[in-house]
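Participant: These are the residues of each chain, in order.
Protein chains: 2
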Amino acid sequence: MRRVVELPRAYRLLNHGPTVLVSAAHAGRRNIMAASWSMALDFAPPKVAVVIDKSTYTRGLVEASGSFALNVPCRAQAAATLAVGGSSGRDLPADEDKFAAFGLQSFAGSVLDVPLLEGCVAWLECRVLDEPHNQQRYDLFIGEVVAAWADTRVFADGRWITDPALDPALRTIHYVAGGQFFATGEAFDTQAAPPLRG
Amino acid sequence: MRRVVELPRAYRLLNHGPTVLVSAAHAGRRNIMAASWSMALDFAPPKVAVVIDKSTYTRGLVEASGSFALNVPCRAQAAATLAVGGSSGRDLPADEDKFAAFGLQSFAGSVLDVPLLEGCVAWLECRVLDEPHNQQRYDLFIGEVVAAWADTRVFADGRWITDPALDPALRTIHYVAGGQFFATGEAFDTQAAPPLRG
Numbered sequence: 191m192r193r194v195v196e197l198p199r200a201y202r203l204l205n206h207g208p209t210v211l212v213s214a215a216h217a218g219r220r221n222i223m224a225a226s227w228s229m230a231l232d233f234a235p236p237k238v239a240v241v242i243d244k245s246t247y248t249r250g251l252v253e254a255s256g257s258f259a260l261n262v263p264c265r266a267q268a269a270a271t272l273a274v275g276g277s278s279g280r281d282l283p284a285d286e287d288k289f290a291a292f293g294l295q296s297f298a299g300s301v302l303d304v305p306l307l308e309g310c311v312a313w314l315e316c317r318v319l320d321e322p323h324n325q326q327r328y329d330l331f332i333g334e335v336v337a338a339w340a341d342t343r344v345f346a347d348g349r350w351i352t353d354p355a356l357d358p359a360l361r362t363i364h365y366v367a368g369g370q371f372f373a374t375g376e377a378f379d380t381q382a383a384p385p386l387r388g
Numbered sequence: 191m192r193r194v195v196e197l198p199r200a201y202r203l204l205n206h207g208p209t210v211l212v213s214a215a216h217a218g219r220r221n222i223m224a225a226s227w228s229m230a231l232d233f234a235p236p237k238v239a240v241v242i243d244k245s246t247y248t249r250g251l252v253e254a255s256g257s258f259a260l261n262v263p264c265r266a267q268a269a270a271t272l273a274v275g276g277s278s279g280r281d282l283p284a285d286e287d288k289f290a291a292f293g294l295q296s297f298a299g300s301v302l303d304v305p306l307l308e309g310c311v312a313w314l315e316c317r318v319l320d321e322p323h324n325q326q327r328y329d330l331f332i333g334e335v336v337a338a339w340a341d342t343r344v345f346a347d348g349r350w351i352t353d354p355a356l357d358p359a360l361r362t363i364h365y366v367a368g369g370q371f372f373a374t375g376e377a378f379d380t381q382a383a384p385p386l387r388g
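Heads up: the sequence lines are chains A and B, in that order.
For the first sequence, the tail end lands on 388 under our numbering, and the numbers increase by one without skipping.
For the second sequence, the tail end lands on 388 under our numbering, and the numbers increase by one without skipping.
There's no promise every hint is true.
Pulled from the structure, derived: some chain B residues nowhere near chain A, Cβ distances all over 12 Å [what the hints assert, rightly or not]:
#1 V194
#2 R219
#3 E253
#4 R317
Cβ-Cβ distance ranges computed for the label pairs, FRET-style [claimed, not checked]:
#5 G276(A) to L356(B): 41 to 47 Å
#6 P358(A) to G368(B): 20 to 26 Å
#7 A367(B) to V301(A): 21 to 27 Å
#8 R280(A) to M191(B): 41 to 47 Å
#9 P283(B) to A298(A): 42 to 48 Å
#10 Q295(A) to D347(B): 36 to 42 Å
#11 R280(B) to Q326(A): 34 to 40 Å
#12 G368(B) to G293(A): 46 to 52 Å
#13 D353(A) to L360(B): 21 to 27 Å
Everything labelled a hint here was simulated from the structure, so no lab data went into it.
The structure displayed is predicted, hence computed values, not measured ones.
Beta carbons are placed, not taken as given, at the ideal position from N, Cα and C, and that holds for glycine.
Kindly generate the complete structure, drawing on both the sequences and the hints.
Facilitator: What follows is the structure, given as structure tokens:
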């Protein structure tokens with residue numbers, strides 16, 4: 191079940207560094223791409239940073255609409271993540287998009303006009319904070335998170351569920367290279383080492 | 191054994207989103223802090239982005255020296271990661287630093303005057319690309335990676351070693367909250383789903 195994530199906890203959806211999918215829409219066109227380079231940038235109001243290359247079709251939609259979503263895929267979606275990461279919306283006919291081409295279902299953002307990918311385990315709806323220098327020079331986009339959602343099987347009460355019995359197909363993923371990912375692994379608790387002195 | 195990572199492969203050290211330690215030195219003072227919010231920003235020359243809060247002692251050293259290092263800790267260092275993340279170099283006497291306080295060994299950067307933490311599995315020496323607006327408004331620092339290193343037990347020939355037999359203590363870590371981390375988990379290969387149409 192999808193449930194709202196309180197905004198001051200939204201950074202936790204990205205804190206452990208999962209690979210994300212960036213989606214956007216404008217004027218009847220929409221697209222989705224993969225991004226290994228994203229991170230949380232602030233707690234409240236929550237902000238994120240993500241790299242969106244100039245060559246991508248998604249970038250034009252983000253710039254035109256001023257909105258994007260970060261979708262956090264799970265292991266069951268690794269093939270779809272590679273598929274949308276390895277193809278461009280530019281190469282599709284005008285009446286098609288990657289959602290249709292790859293048989294991906296979406297649902298509408300709650301606040302922004304962004305397509306959210308069904309089957310992901312978390313979603314962040316982001317409004318672009320206009321930073322032309324960063325966008326042009328570094329392909330770096332900064333967004334304010336205006337709504338966040340998570341699948342309650344994996345994230346509830348503001349925290350990732352770290353139960354070892356969690357279905358491995360629902361674990362988040364971390365791209366390595368060449369079609370290979372790491373799954374998010376075992377959770378463990380740590381006690382900070384006490385200072386040796388003073 | 192530590193070996194140089196070719197610069198065009200340096201982004202791979204961060205691509206899967208591990209928690210890092212940011213270290214810096216200036217005028218005889220040095221410090222190290224934990225950061226969940228970092229990412230690769232470019233391939234070649236490689237760049238990184240990292241959030242360094244204004245309240246941190248590390249920040250002053252980064253601003254004064256124009257340099258920082260990202261150290262990638264492994265599970266064996268989770269307690270040290272929490273320790274340096276939960277304390278400030280500001281609170282230590284002038285003749286002490288966190289390395290001494292927590293019994294941490296360091297070695298010198300090869301290009302920059304940055305202290306690198308022994309026992310980590312990868313290191314990136316970074317020169318700050320001066321972006322005062324980002325630094326002031328978002329606590330966001332952009333660095334060019336001028337040297338990178340990895341422990342050949344976990345990263346060799348430009349890739350993370352994904353052998354399931356890898357010592358769990360050498361796996362990288364991903365901070366969750368409240369003293370809890372995820373270990374980097376199982377690696378898996380994926381075939382992109384073929385397009386359903388066209």
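Participant: Identify every previously stated hint that the structure contradicts and give their numbers, smallest first.
Facilitator: 5, 9, 12
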